[in-house]
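Going down the list, the sequences are from chains Z and X. Quick note on the numbering used here: the first sequence kicks off at 1 and runs consecutively. Quick note on the numbering used here: the second sequence kicks off at 1 and runs consecutively.
Since the hints were made in silico from the structure, they are not lab data. Take these hints with a grain of salt, some might be off.
[As the list claims (entries may be wrong)] EDC-like cross-link-like pairs, simulated, lysine to aspartate or glutamate; straight-line CA separation at most 16 Å:
1) 37(Z) x 82(X)
2) 95(Z) x 66(Z)
3) 140(Z) x 170(Z)
4) 3(Z) x 61(Z)
5) 3(X) x 52(X)
6) 37(X) x 52(Z)
[Claimed, not checked] FRET-style restraints, in silico, Cβ to Cβ:
7) 78(Z) x 190(X): 17 to 27 Å
8) 77(Z) x 52(X): 55 to 65 Å
9) 112(X) x 127(Z): 28 to 38 Å
10) 1(X) x 77(Z): 42 to 52 Å
11) 77(Z) x 58(X): 32 to 42 Å
12) 74(X) x 116(Z): 40 to 50 Å
13) 29(Z) x 52(X): 44 to 54 Å
14) 112(X) x 179(Z): 39 to 49 Å
[Said to hold, decoys possible] Only part of the chain X face toward chain Z is listed, based on derived beta-carbon distances under 10 Å:
15) 50
16) 51
17) 89
18) 121
19) 142
20) 145
21) 192
All C-beta atoms, glycine included, are put in the ideal place defined by N, C-alpha and C.
Here's the letter readout for the chains.
Number of protein chains: 2
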Amino acid sequence: MTKATIVAFDNFTDIDVFLAWDLLNRIRLIDKNFQVKIVGTKTVHRSVCGIELSTSGIIEECNKADLVFFASGPGTRMLIKDQEYLRRFQLNSGKQLICSMCSGALVLAALGLLEGLSATTYPTAVHELAGMGVKVEHDKHMVIQGNIATAAGCLAAVDLVKWAIERLYDSATADAVIASVLPVGQGQACIY
Amino acid sequence: MTKATIVAFDNFTDIDVFLAWDLLNRIRLIDKNFQVKIVGTKTVHRSVCGIELSTSGIIEECNKADLVFFASGPGTRMLIKDQEYLRRFQLNSGKQLICSMCSGALVLAALGLLEGLSATTYPTAVHELAGMGVKVEHDKHMVIQGNIATAAGCLAAVDLVKWAIERLYDSATADAVIASVLPVGQGQACIY
Chain Z
1 MTKATIVAFD
11 NFTDIDVFLA
21 WDLLNRIRLI
31 DKNFQVKIVG
41 TKTVHRSVCG
51 IELSTSGIIE
61 ECNKADLVFF
71 ASGPGTRMLI
81 KDQEYLRRFQ
91 LNSGKQLICS
101 MCSGALVLAA
111 LGLLEGLSAT
121 TYPTAVHELA
131 GMGVKVEHDK
141 HMVIQGNIAT
151 AAGCLAAVDL
161 VKWAIERLYD
171 SATADAVIAS
181 VLPVGQGQAC
191 IY
Chain X
1 MTKATIVAFD
11 NFTDIDVFLA
21 WDLLNRIRLI
31 DKNFQVKIVG
41 TKTVHRSVCG
51 IELSTSGIIE
61 ECNKADLVFF
71 ASGPGTRMLI
81 KDQEYLRRFQ
91 LNSGKQLICS
101 MCSGALVLAA
111 LGLLEGLSAT
121 TYPTAVHELA
131 GMGVKVEHDK
141 HMVIQGNIAT
151 AAGCLAAVDL
161 VKWAIERLYD
171 SATADAVIAS
181 VLPVGQGQAC
191 IY
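Kindly produce the complete structure, drawing on both the sequences and the hints.
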């Protein structure tokens with residue numbers, strides 16, 4: 001079974017959880033053994049816009065996942081100061097795919113995953129990320145460094161998830177998933 | 001106060017609620033008096049991918065909303081046969097903006113809102129929509145007919161919401177909201 005976790009938290013940016021959630025779930029139309037879980041520190045996390053999102057797993061599930069996807073949002077600023085929280089992650093970028101949307105890059109940096117690497121993030125987090133010693137690529141919507149990818153600007157999630165699926169499966173699977181959400185007449189192709 | 005409702009139901013396509021939800025909430029960064037509610041027939045509706053989504057209003061709130069946004073999903077097939085459900089809507093396309101994503105167009109048709117009009121929908125709903133007497137524009141991601149707009153292919157929601165904001169406010173507001181979710185380096189501009 002191939003497993004993905006989406007890391008949620010209080011005060012997450014709605015679309016940065018739900019776009020990845022929907023796209024990754026579409027893999028299940030091709031591989032029934034693919035599993036995606038939203039994980040967090042509580043049974044329910046509240047989004048910036050007020051959605052009460054139930055989690056389906058705990059943080060430690062990230063440590064055995066094939067793909068770990070860090071969402072973004074104002075809530076990341078609490079997480080990066082919380083050593084107890086950070087210690088729960090035992091990620092291995094040699095074996096796992098690890099990626100972040102927008103300010104989720106701050107969590108990657110706090111976990112020491114971006115040491116010596118460059119990354120991208122949302123404009124509001126650029127100075128913070130640079131202050132953590134990361135070389136920020138201000139104008140790139142996605143920065144890939146081996147098994148680690150950071151993306152910025154909510155809709156960049158499409159390319160980020162596409163990259164992840166290509167790495168977990170192949171480009172045909174990635175193309176099929178993405179084609180299923182493209183606007184009709186703009187490459188849209190249904191997989192169900 | 002300007003009001004929008006997003007119509008949810010059991011078995012909704014996750015992204016077709018949440019993308020509009022996130023985008024419409026961004027209007028509140030510009031106009032604090034804008035309100036967006038997710039409405040339904042129950043306090044909680046379950047998505048195709050298993051999200052338990054709490055509603056914040058009832059169907060009848062659509063009847064006084066400035067914008068009514070119909071989400072999509074397999075669940076629409078139940079709704080269009082449910083006369084009691086359909087009777088709860090008293091929409092006025094002369095005064096309200098009414099729009100749908102993908103198979104949400106089936107609900108617009110069932111409500112009689114597409115009589116004599118053309119529309120677009122997801123490939124899996126094309127025959128059904130045509131069978132309801134609607135001229136389906138197979139290859140268009142958005143079809144605008146006065147105050148009614150139908151869009152198809154999940155990411156077409158970006159253009160659909162942009163159209164709605166332009167109509168509710170102006171193009172500057174619409175541009176600012178959309179720019180805030182574009183990929184960095186591809187027109188992205190932060191409004192918060």
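task: Hint by hint, work out which the structure violates, then give me just those numbers in ascending order.
output: When the structure is compared with the hints, numbers 1, 3, 5, 8, 9, 10, 13, 14, 17, 20 turn out to be violated.
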